[in-house]
Amino acid sequence: MANFFHRLQALRQSRPMPCIISIGSENCAYAPYHARGKNCYRLVGHVLSEDCYYGFWVGVCRDCTDCAFTEKSELCYECVDIQECYSCNFCRDCWHCSDCNFCYDCKGCQNCFGCVNLRNKQFHIFNKSYSRDEYFEKMLALKKTYQTLGSPPPEFLDLQSQLPRIAIQGFNNENVVGDHIFNSKNAFYCFDVSEQEDTSYIFNSHHIKDCMDLNYSSIGTEMCYMCHSGVTLFNSNFCSVCWYSQNLEYCEYVFNSHDCFGCVSRNHAEYEILNQKYSKDEYFKKVAQIKDELKADGSYGNWWWESPYEDVKPFSSFMA
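Going by the working numbering, the final residue of the sequence shown carries number 332, and the count climbs one at a time with no gaps.
No wet-lab data here; the hints were simulated from the structure.
Note that the structure is a prediction, hence the values are computed from the model and not measured.
You may find that some hints are simply not true.
[Stated by the list, open to error] For lysine-lysine, the following BS3-like pairs were computed, each having C-alpha atoms within a straight-line distance of at most 30 Å:
1) K197 x K221
2) K289 x K307
3) K133 x K84
4) K155 x K133
5) K155 x K84
6) K221 x K303
7) K221 x K150
8) K221 x K307
9) K119 x K155
10) K150 x K119
11) K140 x K119
12) K155 x K140
13) K197 x K140
14) K297 x K307
15) K119 x K197
16) K119 x K50
17) K156 x K140
18) K140 x K150
19) K119 x K133
20) K50 x K84
21) K303 x K292
22) K303 x K289
23) K197 x K84
Let's have the full structure, built from the sequences with the hints guiding it.
In structure tokens form, the structure reads like this:
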């Protein structure tokens, strides 16, 4: 089966693929990979968000624009890696903050401007404390100055360069290496993740266990290797955008299925190879044969999009 990857690529080229995948959303035009959202536009990867625009990986948010990796926040603009914030603008790595602007690594803060590394503070400007009246008086002048600059205040940038930064953004972790890790255990080189256990080399994934080399995966994905966008995916390898399935290999856009090998754009499928149905016994015998031949030429275990696809024939020619 030396030409298995060529056949798989021909199959990919012969099948329609969705440009937008959504589950239970309302009025969310041009918002791929989202679930149960409402009135969102140009958001990629969001869940339970409402009235949000131009964002990336926005979860349980309302009225947020131009934000990324933002969770449980409202009325925020141009923020990255924030959680449970309200009315914040141009903030990064801030949690439980409100009415803050141009802040970095601030936690539990309120009414702060241009601040860095503060904890449970309010009425601060460039890390200097003011009375309530002084703060709002100074903010009137600052807003007029910095609203026309189009870039962060230089005083804020100076604070960022002068003050130390913590090694890992996260909490409730045990034995982890990476950054932006939350509520995880035994996570090695993981980034932008939460609820991980016994995982390695993971990016932007949540609620997964016993996985390696995954990104954009979530909701109970377990025992998977080298997969992209696996949702409730179990015991699967080398798959892309496969949801609510198990025992898949080299599959793409496969949903609610089990025991498929090299399949594309399938739903409620079982015991299929290259989208062809087999009996249960025939399936396992054929898969074992394909794997042996792929292992013999050293191609089994490689990410299939990296395989050579030059001069790919139409898929129909392989099935004649």
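List in ascending order the numbers of the hints, as given earlier, that are violated by the structure.
7, 13
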